[in-house]
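K.L.:
Residue numbers (my numbering), protein chains in the order written: chain A, 1 to 211; chain B, 1001 to 1502.
Check the hints yourself; a few may be wrong.
Claimed, not checked - One-sided and incomplete, this derived list gives chain B residues near chain A with beta-carbon spacing under 8 Å:
no. : residue
1   : Leu-1012
2   : Thr-1139
3   : Ser-1163
4   : Leu-1192
5   : Thr-1215
6   : Asn-1218
7   : Met-1260
8   : Glu-1352
9   : Ser-1451
10  : Leu-1498
11  : His-1502
If you are wondering where the hints come from, they were derived from the structure by calculation, not from laboratory data. All C-beta atoms in this analysis are idealised placements derived from N, C-alpha and C, irrespective of residue type, glycine included.
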Amino acid sequence: MKTLIRAILVSLVLMVICGLAYPLAMTRISQVIFPRKANGSIVEFNGTKVGFELIGQQFGDPRFFHGRISSVNYNTYKKEDIIPDASGKTAYAGVSSGSANLAPSNKALYERVQKDIDDFIKSHPGVKKEDIPADLLTSSGSGLDPHISPAAARIQVTSISKATGIPVSDLEKLIEKHTEGRQFGIFGEPRVNVLKLNLEIANILKQKGKL
Amino acid sequence: MNWKQYTVALLLTNGVMALLVYIIFRFQSLLGFNPNSNKAMEPSLAFNAAISFITNTNLQHYSGEWGLSYLSQMAAITFLMFTSAATGFAAATAFIRGIAGKKIPGNFFVDLVRTITRILIPFSVVVTLLLVSQGVPQTLTPNQTVTTIQGNLQDIPLGPVASLESIKHLGTNGGGFFGSNSSHPFENPTPLSNLIEMLSMMAIPGALVYAFGLTLKNRKQGWAIFASMAMLFLMSLSLAYYAEKSGNPALTNIGLNQSMGNMEGKEVRFGIANSALFTTITTAFTTGSVNNMHDSLTPLGGLVPLWQMMLNVIFGGEGVGLMNMLMYAILAVFLCGLMVGRTPEFLGKKIEGKEIKLIALVILIHPFIILVPSAISLLTKQGLAGITNPGFHGLSQVLYEFTSSAANNGSGFEGLIDNTLFWNISTGLVMFLGRYISIIALLAVAASLASKKPIPVGPGTFRTDNALFTVILVVVVLIVGALTFFPALALGPIAEHLTLGH
């Protein structure tokens, strides 16, 4: 009985220390030291919030760079997607993350990749299928991957140049500007942030009055 | 406290904590800190989640985005991440004291509170700030909605992520704030945060092996055990990296360039090397966080995590991993003793029938609670309904779920549709048995060894602190593991590997 009472007391005290005092104190401290990062690193365009630096977005417009395949559509949706249909279901089911979890032996994976290869070659004439980097045609683990490999960005340049009128060399310079190398030269992989890259394009288009 | 009182205190405290957390899950919609208006958990899911976190498993049949309020993330999840790690640590400390010949195990409450206040909280504070500096959010503001430059809407989940993320790894817990765990850019935004998370999981279980040597006043003994674990770890890592780098031959067949490796379910910032490394570490140290989707690993790449959780001794989770490895060490001594025909000793203590019976129980219970529930799942409609990938991989999905539960790891082949009554209850029971039977039995072994008179070291003593013993230990682990699990592995990942691309 004495042990039970002590167990209850210890549990309650530890819950207050570990479950409330610690996270709340860390929130306060983080908000003071890293105010931008602690709130998710918001990205603004012309003074309005248009996204978060670390979270990828769905880009369907041929004038923008496209990111990786997302099974949650990057949590992006249109206003009509949250209006319930007759059965009460909405096209957008609410914020989530993850991938389709297809096994390497699943036929659904081959069918998806095959279809995406065909679509890509159609929208990017002149590209050979063995040259398409694998990250463009595979789904990310989180469904929110903000990056693509530099090769995956370069292969889109010709068709984006055609759609926007921005010269290929300018686009390549933008890719180079936004390529992050390996951290400290060894950790991780070289990568390009798709949202940041597209904001540059949006900026150019805006100056031309085309956005 | 004597051994029995120590064990009772451990179990009672865990019981009380699980109950408190169950109540929070059931009433989270009413308790505040719920800016996204998430609903209360239904009973079977709350049962599963409470057991999952009190047992240091962190198997998640919910996703944080819709499943938990900020209060639950803090006062239930973060709280249990500290206490379940400290419980495992306390049990291991008591076990080491027993093996080292101390008559009493100490006081559970003292061990628990000191582990949390002197080790876990200070480290967590530092790691939290490092993670925020990389971009992990730490805020109480609700989820945000922005309008993108294409005019679409996008929802962004937020929350007190960093403070959970740090103890999640330091305590080898592994439950993510968000559904996609450490592959989510808000849980693991950069290669540096990835490195911090990997080192955090390795720090305490790795250090405990060294501490074991210090307690015995025989550092070589600690290093001998460490070397066995490291050898097994390097074997697994090599296989995982090779398999993922080779890519998926079935996709090569339809013309997708595989020079980047198998990128399905992986993040560009991590690539193959950091994904394979994370997968190997998270299942060796039985954390269970993932930075890529294990269901989409190549068959051999998926075999590695499965295999490491089946062995459950390659460093292992907070405390319990070392206990399991020492159990194998005693078994190795026993087998060697049988071969040369003399009474086996470990660290100056005679190993006799009672200890071997308890150890046999622990060794047998692990495959029992993996293979029997897997067989039941394959025989029932409710079990089969969860499988989402066809063929051999479907078996792997079921096997992985129960192996992860039994090893108190918590990662998953996440395609499995597991938030159902069948899966919530079955994995809940497996996690419970996997955690407490081995802790109770091994504390009994320690109690029994502690009461024995030490035998002085002589010329005929079988040394357990040299290279020969390291090798014997690795071989015993591999033989026992292979004999037990090879048939199941052959039907799952190995069969999938042999048929892939043909």
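K.L.:
Take the hints in turn and mark each one as holding or not.
P.N.:
Tested hints:
no.	hint	result
1	Leu-1012	holds, 4 Å
2	Thr-1139	holds, 5 Å
3	Ser-1163	holds, 4 Å
4	Leu-1192	holds, 5 Å
5	Thr-1215	violated, 25 Å
6	Asn-1218	violated, 34 Å
7	Met-1260	holds, 4 Å
8	Glu-1352	violated, 31 Å
9	Ser-1451	violated, 22 Å
10	Leu-1498	violated, 11 Å
11	His-1502	violated, 10 Å
When the structure is compared with the earlier hints, violations turn up for hints 5, 6, 8, 9, 10, 11 and for no others.
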